[in-house]
Amino acid sequence: MSATTKIAVHSLADLKNTTDDALPNYLHFLKFKQIHTQTDVRLALGYSAVAIAGVLFYFDWKFGWEVTKPYTAPAVIAYFVLNSVFSYWLWFVEKGTVYEGEGKTGKVRIATHTKKHIPIYEAEVTFTPSPYNSNPSQTIKIRAPFTRWFTSDGYFIAKPFQQWLASEVPVIGAADPNNVVEEIGRGSETDRSFNVSSNNVADVLEQIKTGAKPAGGSGKRRKA
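According to my numbering, the stretch in the sequence shown is residues 22 to 245, in order.
Hints in this document: simulated from the structure, not taken from any laboratory. Among the clues, some could well be false.
Stated by the list, open to error - Computed spacing ranges between beta-carbons, pair by pair:
no. : residue 1 : residue 2 : range
1   : Pro45     : Phe80     : 17 to 23 Å
2   : Ile178    : Ser69     : 40 to 46 Å
3   : Thr26     : Phe80     : 41 to 47 Å
4   : Lys27     : Arg164    : 42 to 48 Å
Keep in mind the model is a prediction, meaning the values are calculated, not measured. Beta carbons: idealized from backbone N, C-alpha and C, even for Gly.
All chains, please: the whole structure from these sequences, using the hints.
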């Protein structure tokens with residue numbers, strides 16, 4: 022991924038949408054498989070409500086009010102019920118989720134948002150390292166300014182965004198250890214490396230936190 026499309030740097034929506042779009046691209050590159058269950062449910066609810074409205078309109082136009090009158094009230098009620106469920110699903114189930122997927126190092130779900138007039142990208146990340154039977158699900162909140170991965174003239178730079186995610190989210194860092202940066206954003210550099218597999222992601226997380234140098238490898242972390 023590289024900086025290919027220029028956006029308006031003063032548009033918070035463009036900054037967020039471009040960053041959101043980069044999430045699945047990066048995780049797909051790391052061999053995560055996206056889970057579309059929530060999206061499928063949302064689409065089913067939305068299309069069902071639209072279908073009810075469309076069918077009622079068609080029969081009303083084709084056969085007239087007298088014929089369709091007995092069906093209008095039930096159809097309107099069904100339409101509003103579906104729209105209510107749709108709104109509930111959007112606000113209380115998905116809650117801004119832009120990505121949910123699974124890879125060799127674990128499962129991850131990422132919901133993102135921004136606050137009005139504040140150019141900071143905020144994410145709530147729920148992840149479960151593998152193996153799932155011995156690692157509970159965890160939720161963390163991370164945030165970073167858009168200036169970390171956007172140039173002053175509006176180009177998205179993938180590398181610092183990838184480093185931020187890999188350094189903050191353990192299951193992503195375990196899948197992409199070369200992008201894990203010690204104390205990201207402070208310019209520090211530490212000689213460390215990780216022997217990553219789907220069975221030792223918990224150890225990798227502990228190594229990231231403590232700065233310990235594991236046996237069996239050598240390497241150098243990049244500067245943020």
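Which constraints among the numbered hints does this structure fail? Numbers only, ascending. 1 and 4
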